[in-house]
Amino acid sequence: MHFYHFRIRFAVLESTQNIPGLIMPEDVAKCLQRWRFVSELMQQQDGEGADALDDRLESSGRSYEKDTVPMGIKPDIFQRGYGTNTIVSQVHLLRGHMVLVRKISSDVEAENLKNLMRAVCRRMPKCEFHAHLSGCISRRMLKILGSRRRASEFIVDNESALSTPSRSPRNLEEAFRLFPLIQAMVVTVDVIREFNEDNVVYLELRSTPRQTDCMSKEEYVRALISGVIHAKQLYPHICVRILLSIDRRQTVEQAEETVNLAMKYGLKDGKAESDAIIIGVEISGDPRHDARKFLPLLEKARGHLPVISFHLAEIKENLDEVHDCLRFGPTRLGHATFLHEIQDDVLREICLRHVYNNRIPIDVLFVSSF
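Counting from 1, one number per residue, gives the positions in the sequence shown under full-length UniProt numbering.
Any given hint might turn out to be false.
[Claimed, not checked] Pairs of lysine to aspartate or glutamate residues, derived as EDC-like cross-links and limited to a Cα-Cα distance of at most 20 Å, are as follows:
1. Lys316 - Asp290
2. Lys126 - Asp190
3. Lys232 - Glu349
4. Lys143 - Glu197
5. Lys126 - Glu194
6. Lys300 - Asp290
7. Lys316 - Asp363
8. Lys264 - Glu299
9. Lys316 - Asp275
10. Lys217 - Glu256
These are calculated hints, taken from the structure and not from any lab test.
Bear in mind that the values here come from a model prediction, so they are computed numbers and not experimental data.
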């Protein structure tokens, strides 16, 4: 029999002011500063219990106080739904650490401990910087929205295509064909509700303004804003911002409409930053299309938009644009998965050094990029 423990370390985040374009209320920032999680699963020597673990922590120079409960975690998390007697033999809540010590004697108990860890992580306050509105629709939500719009035939015919993972990744054409289908059923409030249930305290939603038979692009943007305002009344603990998306496949004229909408409804003189909903634009969409055609337009808008984010180096192809886009000076990068695979050694070093020296944050999407 072995002793295992989860050690969850609470460290202080860097100042949120170091993240370009991050417009966050002070109370949310303070919450996050107390909640940076670094977790690891460690195997202990047979027979080492909580007292021995305390001794090692103390001898290592770490100071702590017992019975100090970090914000957001309450002792009843270890009681409700898990059974302290069967899962966690000893729990110590310390300054800077929460240590769960448990004898693992079966696969069932190991799975139960994983479930406990999931519960802890679920209650952890989180930031989401890269949430495309059309990509946040769950199967359950699709069914709800489908029933609202009497689209049950759509759900029956398309549910497997939308939600069943295939053995090989979908090609880009298939993926981008699905987006309009999902986009037509988006309800902003429902998406925010799901993030709120996961205890996301800061959320940036991204969406491309779309014109339909019933709605202009401007009306779509106003609908997004109205959804965020309404959701704030229902879920006051989540701070929501919006980036308007420019699809790489669009023309410069279409992109200009989006930029103008972002400036019209975005941060203005006299409006507190914490009250802003639309905070900028992003360049996204099919990565095979060159984004450099938008650079002159974005240069004109730079002073009016706190955030200009680029999906960049998302695929191995089309890396020629990377240097020019970085020279423009985006606020953030999305993906950047193949930034290190630029063929020209000198150009690659220039690009990497530029990102590093300018401390450009990168949204790394583990599920979609790896």
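Evaluation of the provided hints:
1. At most 20 Å may separate the alpha-carbon atoms for a hinted pair to count; lysine 316 and aspartate 290 meet this at roughly 13 Å.
2. Between lysine 126 and aspartate 190 the alpha-carbon distance is near 18 Å, which keeps this suggested pair within the 20 Å criterion.
3. A hinted pair counts as satisfied when its Cα atoms are at most 20 Å apart, and lysine 232 with glutamate 349 does not qualify at roughly 44 Å.
4. Note on lysine 143 and glutamate 197: the hinted pairing holds, with a Cα-Cα distance of about 18 Å set against a maximum of 20 Å.
5. Taken as a hint, the lysine 126 and glutamate 194 pair is honoured in the structure, with Cα atoms around 13 Å apart against an allowance of 20 Å.
6. Under the criterion of a C-alpha separation no larger than 20 Å, the hint pairing lysine 300 with aspartate 290 is consistent with the structure, at around 19 Å.
7. Restraint check: the Cα-Cα separation between lysine 316 and aspartate 363 comes to about 17 Å, which is no more than 20 Å; the hinted pair holds.
8. With a C-alpha separation of about 17 Å, the suggested pair lysine 264 and glutamate 299 falls inside the 20 Å cut-off, and the hint holds.
9. Proximity of lysine 316 to aspartate 275 is assessed by CA-CA distance (about 39 Å); at most 20 Å being required, the pair is judged violated.
10. A C-alpha spacing of about 12 Å is found between lysine 217 and glutamate 256, which places the hinted pair at or below 20 Å, so the restraint holds.
The earlier numbered hints that this structure contradicts are 3, 9.
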